[in-house]
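Visitor: As given, the protein sequences belong to chains A and B, one line each in that order. Position one of the first sequence corresponds to residue 1 (the UniProt record's numbering), numbered consecutively onward. Position one of the second sequence corresponds to residue 1 (the UniProt record's numbering), numbered consecutively onward.
Take these hints with a grain of salt, some might be off.
From chain A, some residues computed to sit far from chain B (all C-beta separations above 12 Å) [as the list claims (entries may be wrong)]:
hint	residue
1	3
2	22
3	23
4	71
5	78
6	192
7	210
8	239
9	243
10	247
11	249
12	271
13	316
Derived lysine-lysine pairs resembling DSBU-like cross-links, with alpha carbons at most 30 Å apart [claimed, not checked]:
hint	chain 1	residue 1	chain 2	residue 2
14	A	109	B	252
15	B	34	B	12
16	B	103	A	115
17	A	250	B	250
18	B	103	A	103
19	B	195	B	115
20	B	252	A	250
21	A	33	A	12
22	A	115	B	252
No wet-lab data here; the hints were simulated from the structure. None of the values given here were measured: they were computed from a predicted structure. For each residue, glycine too, the CB sits at the ideal point set by N, CA and C.
The residues making up each chain are set out below.
Protein chains: 2
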Amino acid sequence: MATMKDVAKLAKVGVGSVSRVLNDAPGVKPATKKRVEAAIKKLGYVRDDYARGLKTNRSQTIALILPTVWHPFFSEFAYYIEQSLYRRQYKLLLCNSSEDAEKELQYIKMVTQNKVDGIVGITYSAIDQYVSSNLPFVSIDRYFTEDISYVTSDNFIGGKIAAKELLVRGVKHPAFISGYSKFPNETTKRRDGFKSVIAESGLEMDEIYVPEPIENLEQLVDGLFKRQPSIDGIFCINDLMVLQIEPILKAKGIRVPEDVQIIGYDGFNLTSEQPLGISTIVQPVELMAETAIQILMNKIYDHYRPSEIEVLPVKYRNGNTTRPII
Amino acid sequence: MATMKDVAKLAKVGVGSVSRVLNDAPGVKPATKKRVEAAIKKLGYVRDDYARGLKTNRSQTIALILPTVWHPFFSEFAYYIEQSLYRRQYKLLLCNSSEDAEKELQYIKMVTQNKVDGIVGITYSAIDQYVSSNLPFVSIDRYFTEDISYVTSDNFIGGKIAAKELLVRGVKHPAFISGYSKFPNETTKRRDGFKSVIAESGLEMDEIYVPEPIENLEQLVDGLFKRQPSIDGIFCINDLMVLQIEPILKAKGIRVPEDVQIIGYDGFNLTSEQPLGISTIVQPVELMAETAIQILMNKIYDHYRPSEIEVLPVKYRNGNTTRPII
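Taking the hints into account, I'd like the entire structure generated from these sequences.
Guide: Next comes the structure, spelled out in C-alpha cells:
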C-alpha cells in the first residue's frame, strides 16, 4: 500500500508538501499541487486517518502552561481547556510557569519523552529556541514564528472597539494604561488599535506604558492626572488593571463613571455565573480553548500538518464603569 | 535484614500496628506499643525510608479533583497545590469534576492503574464506596470515614469568629445565608459555630438555608427582609455569596455596610496581589494545600501510614462590608 512518502517521491516534492495538499493548506504552488495529485492518483494512495495517528506510546495527556492559574482569566481558560480535552478522553497537566523558562522547558521536554502529547502555552518566557515546528505546540496570544500555531483574540479590533465605545459615550480626553512584557506578544495590538481610532478622531491622548511588573502604579496615575486633569476616559490593558485603577481614582476623589469612564479587556467572570460588572472587551475564552485544542489535535494526529493561526472575534460588554451613549 | 512484617510477626500484631507505632500515630494501646518496640529492638529492625518508597512504576503525578478551577478559591488552591508538588518534582493532573461522580471515578481508577500516585479531592459526589483506606487520597473539607485523611480549615471556629465580629460591630439582628449540599461536608460547621455564638448572645437570628443550587436567591432575600426588616448583619457561607447578596440588597435600597453588615468566608483573592475587599473569614489556603500534599506523600511513600486529619486555623480579615467596632 502506498504511503505518503511514496507520493512525495513520485511527485518529487517533500512529504510536507504532500501533507499540505492533503490538508488543503494555503501556500502550495498550483504546479506542486498538480504533481502531488497526479502521484496520489497513480499510486492509489488512500489517506489512512488511523495510521496517521498511530503512535503506540501516546499518553493521552496535554500540558497547559499558564503564568498562573490563580487569575480569573487563566482559570476560566484552564477550565475550558480541560472540558475540551475531557470530551476527547484526554487529561490535562497543569503548569503554573510564573514566567519561569526553566519550568516551562521541563514540560516541553516531556513531549519529547512521550510523557505528554502536546502543549498549549500562554508563555512570556525566552523559550523561542525550544519551540520548533515539530513540537505539537499551540501558543496563545504570542507569535513565535510562522511555523508555530497560535490562537489569539482580535486584539487590534478590540482596541479599536474600546476607543469607539469611549468616544460615543462622550469621552474627550482618552488615556491608555498598560504595562508591557519584554517578550513580544499579541496584546500590544490592543494599544495599536486604540491609538489608531483616537488618532483619526483628532483628540489628544495620553498613556501610562511602562515595563512589567508595574511597581508604582499609584504614583504613575497620580502624575498622569496632575499633568492631564482633563482625562475623562481610560482604556486599560485588562480587567485586573481596571480593578487596580478604580481605588486609586476613588482615593483621588475621581468618580467612575461620572468623571472618568473606564473600559477593560478580557471580560472575565469570577465563576461561570458571576461576572465582574466592568465595561470591557470580552475575549471568546471558550472558543479560544476549543480552537487551541482542535489545532493541537490536528498536529498530534498528523505530524506533517502545517501550522494554523486563528484570530477570534471580540465584543464589547457594557458594565458599570461607563456611562450611557450620548 | 528484618522487615516490618518480621516485626509484626514477632510482636503478634498486624503490620498496620507496627506502622502506627513507627509513625507515632494515636490510637495504639500501650501494651501493643511495648511489644512492637521490643520486637524492633530484638530484630534490629531499621526503618528504610527509601525501601518504603520503592515502587518502580511511580508516575510522579498527582490528580487534583475540584468542582471547577473556574472559581477564585479553587484556582488559588490549585495554584498552591501545583507549587507544592513542583517542589517535590511531581506533576499535577487537573480534573474539574462539576460534581460528576463518573468523571471523578476515572481519576480514582488511574491510581489503581499506576497512572497517578494519589489524589487530592474537593468532592461533593457519591464516591464514598470507591475511596478506601488503601487509596492515597486526601479529602478537603469533607469527611468520608476515619480511614480517609482529610484537611479542612476550622469551620466551626470560623463561624464563631464571624458571629463575634458582627456582634462587636453593633449587629442586633443577625442572619445566616447558605445553600447546602446533599453530601455532608465540613462547611456546615460554619453555620453551627455561628449559631452557637448567637444563641449565647440571646439575640434573635434568621436564616436562608436551602438545598443547592439556589435558583431564586433574589426572592429568598426579598422574603427574608420583608418578614424581618430589622436584620442588620449577615454571615454568608462564602465570599461568592456575598458578591451575590450585595447587588440584591442594593436594588432594595439597603446599604452595605451602613444598614447591613456582611461577613463572608474564604478570603479569596482574585490574584496573588488583588484581594476582593470583602470582610471575611480567611482560610489558610497555602497551608491547606501544603498540608494536603504532605499527608498524601506520607501515604504514597508509606502504604501503611494511618490516616491523618488536619484542622487548620482561620482568621478574620476586615474589609469594606463591615463598620468599625463600637
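Visitor: Going straight from one Cα to the other, do residue 195(B) and residue 115(B) come out at no more than 30 Å?
Guide: Distance ~45 Å between residue 195(B) and residue 115(B) Cα, so the pair is violated.
Visitor: Within 30 Å, alpha carbon to alpha carbon, are residue 252(B) and residue 250(A)?
Guide: holds, 24 Å
Visitor: Hinted pair, alpha-carbon criterion (30 Å max): residue 103(B), residue 115(A). Please report holds or violated.
Guide: holds, 22 Å
Visitor: Please settle this one: residue 210(A) was flagged as non-interface, so is its CB more than 12 Å from every CB on chain B?
Guide: holds, 16 Å
Visitor: Residue 109(A) and residue 252(B): Cα distance at most 30 Å?
Guide: violated, 57 Å
Visitor: So residue 3(A) supposedly isn't at the interface. Is its beta-carbon more than 12 Å from every beta-carbon in chain B?
Guide: Its Cβ never comes within 12 Å of chain B, the nearest being 33 Å, so this holds.
Visitor: Is the Cβ of residue 247(A) more than 12 Å away from each Cβ in chain B?
Guide: Label violated. Min Cβ-Cβ 8 Å, cutoff 12 Å.
Visitor: Would you say residue 22(A) is clear of chain B, with no C-beta pair closer than or equal to 12 Å?
Guide: Correct as stated: the minimum Cβ-Cβ distance to chain B is 34 Å, above 12 Å.
Visitor: Would residue 192(A) pass as off the interface with chain B, using Cβ distances and a cut of 12 Å?
Guide: Since the minimum Cβ distance to chain B is about 26 Å, residue 192(A) lies beyond 12 Å and the statement holds.
Visitor: If we take the beta carbon of residue 23(A), is the closest beta carbon in chain B still more than 12 Å away?
Guide: Non-interface label on residue 23(A) holds, nearest chain B Cβ at 31 Å vs cutoff 12 Å.
Visitor: Taking the shortest Cβ-to-Cβ distance between residue 243(A) and chain B, state whether it exceeds 12 Å.
Guide: Not fine: 6 Å to the nearest Cβ puts residue 243(A) too close to chain B.
Visitor: Would you mind confirming whether the straight-line C-alpha gap from residue 250(A) to residue 250(B) stays at or under 30 Å?
Guide: holds, 20 Å
Checked against the numbered hints listed earlier, the structure breaks hints 4, 5, 8, 9, 10, 12, 14, 19, 22; every other hint is satisfied.
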